[in-house]
Every structure is written in C-alpha cells, then in structure tokens.
Amino acid sequence: MRVLIVEDEPYLAEAVRDGLRLEAIAADIAGDGDSALELLSVNSYDLAVLDRDIPGPSGDEVARRIVASGSGMPILMLTAADRIDDKASGFGLGADDYLTKPFELRELVLRLRALDRRRAHARPPVREIAGLRLDPFRREVFRDGRYVALTRKQFAVLEVLVAAEGGVVSAEELLERAWDENADPLTNAVRITVSALRKRLGEPWSIATVPGVGYRIDVGENTVGPDGDGVSGGGGVSGGGGVSGGDSAAGGNATGPGSTDA
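Numbering-wise (our numbering), the sequence shown opens with residue 105 and increments by one.
Note that these hints are calculated values from the structure, not bench results. Think of the CB as a built atom: it goes at the ideal place given N, C-alpha and C, for glycine as much as any other residue. Each statement offered as a hint is correct.
Derived Cβ-Cβ restraints for the label pairs, each shown as a range:
1) D138 with V264: 23 to 31 Å
2) R247 with F207: 36 to 44 Å
3) P308 with R168: 48 to 56 Å
4) P159 with V230: 39 to 47 Å
5) G316 with A218: 40 to 48 Å
6) S148 with F195: 22 to 30 Å
7) Y115 with A192: 27 to 35 Å
8) D288 with R242: 27 to 35 Å
9) A268 with R243: 16 to 24 Å
10) D190 with A267: 35 to 43 Å
11) V171 with K205: 18 to 26 Å
12) V323 with A172: 37 to 45 Å
Please take these sequences and the hints and turn them into a complete structure.
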C-alpha cells in the first residue's frame with residue numbers, strides 16, 4: 105500500500121510517515137496543496153491522508169480534484185475540525201473516512217487498512233500463478249503449498265509481479281510501487297531484492313529476467329528463461345530500463361529504501 109500524506113505540520117507528517125512505514129505502508133509527504141497535486145499527477149497512490157487546513161489549494165480543493173479525476177482513490181481526512189458540520193462537509197466533498205486530531209497512530213493504520221480492503225474488494229483476495237499463492241491481506245505467500253517467509257520489501261515486489269499476471273514489469277515501476285519517492289533511482293535496490301526473493305522462493309526460479317526490459321513471473325513460457333541476475337547496468341535491466349549504482353536501498357522493513365533486509 106502506498107499513501108500520500110497531505111499535512112503542513114512537518115513534525116506530525118514525519119511521525120505519521122515513519123509510523124506507517126513500520127506497518128509496511130509506503131508513504132510520501134506533501135506540505136501544501138500545490139505539492140499534493142504535483143505528487144498526485146506523477147505518482148500512483150492507493151490512499152490519501154488529507155488535512156483540510158493546508159497552504160495553497162486547500163485540502164478541500166485537493167479532495168475535489170481527487171474525486172474529479174475519477175481515480176477512485178479513497179480519502180481519509182485527518183484534521184482538527186471536529187464539529188459534526190465539519191465532518192458532514194468533509195464527507196460531502198468525497199472523503200471516505202474522517203479522523204480528528206489528536207489521534208492514535210494505531211487507529212489511523214486500522215482505518216487505512218479498512219479503506220484499502222474496501223478499495224480492493226473487486227479484486228480477487230488471493231492471487232495464484234505458476235505455483236505461487238499470494239494473499240495480499242494476510243500477507244502470506246506459498247510456493248507449491250509451502251509457506252515462504254518474506255521480508256516486507258520482498259513481499260511488495262512479489263505482489264507487483266504477481267499482479268502483472270506474467271507480464272513484464274520494469275525496474276523503474278518496481279522501484280516506484282514497492283519503494284517510495286525517496287528511493288534513489290541509481291541504486292541496485294531492485295536487482296538485489298529480486299535476487300533475494302528468488303532464493304526465498306527456491307528453484308525452479310519463478311521470476312524471469314527479460315534483458316533490457318524488466319522482470320516477470322515465469323508461467324512456463326520459453327521465450328525468456330529466468331537467468332538469475334543476468335542483467336547489465338547493475339540495476340535490474342540494461343539500457344534505459346534499469347537502475348544502477350550502490351546497494352543501500354535493498355531493504356525490506358518498510359523504513360524506506362535505505363534498509364538492507366532484502
């Protein structure tokens with residue numbers, strides 16, 4: 105899950121972001137309406153946590169634009185405005201949930217997970233492909249009936265690959281969807297995490313590398329074989345499709361790309 109936090113109090117925003125990351129929820133921060141709209145235009149988010157009283161376009165205006173975009177992205181308003189009229193107007197703008205300050209982080213996490221379940225109700229709760237069984241809500245993975253323990257980052261990467269149903273996913277897309285905006289595009293994060301994920305899943309390798317393009321779940325087709333980490337450029341795929349450089353972002357404890365538990 106990837107969340108956009110729209111909050112102009114830096115300390116609160118960072119505390120919420122760090123707390124969500126500990127719950128394996130990737131989160132970015134926008135301190136004003138303009139920044140929020142910019143991030144929404146270039147990134148894909150599952151949920152928005154929105155303060156109504158922010159500089160620039162107000163939180164209400166940001167909510168209107170999210171609704172008008174037709175993305176269906178749920179909005180949780182997190183604000184000090186606690187009167188019933190405030191809540192009514194917030195829901196009228198399209199908010200899916202409303203939490204007043206002060207609040208407990210645990211309650212925020214529970215509400216976000218509930219919203220995410222509702223958002224995903226049209227998707228199959230469990231995905232199965234090529235002997236893999238992935239339950240995104242219980243966060244469980246099985247390979248040919250055998251339970252596979254994964255780090256948070258490995259699970260996030262596998263979830264994206266499984267959702268592609270055998271289609272190729274570029275290293276850039278994996279970096280965008282399994283990490284957050286602070287991920288360094290010039291790292292070996294994707295390659296290292298995919299390599300560790302392959303080892304966790306065991307042989308025969310279920311993740312194939314498509315040189316110069318990206319990665320996919322091997323569904324038994326012989327067009328491209330799973331070649332381990334046989335990619336050039338150091339970052340996942342060669343040429344324009346990869347990332348290269350250091351390996352500081354291979355992590356998996358949802359504390360940002362600087363972790364190293366892949």
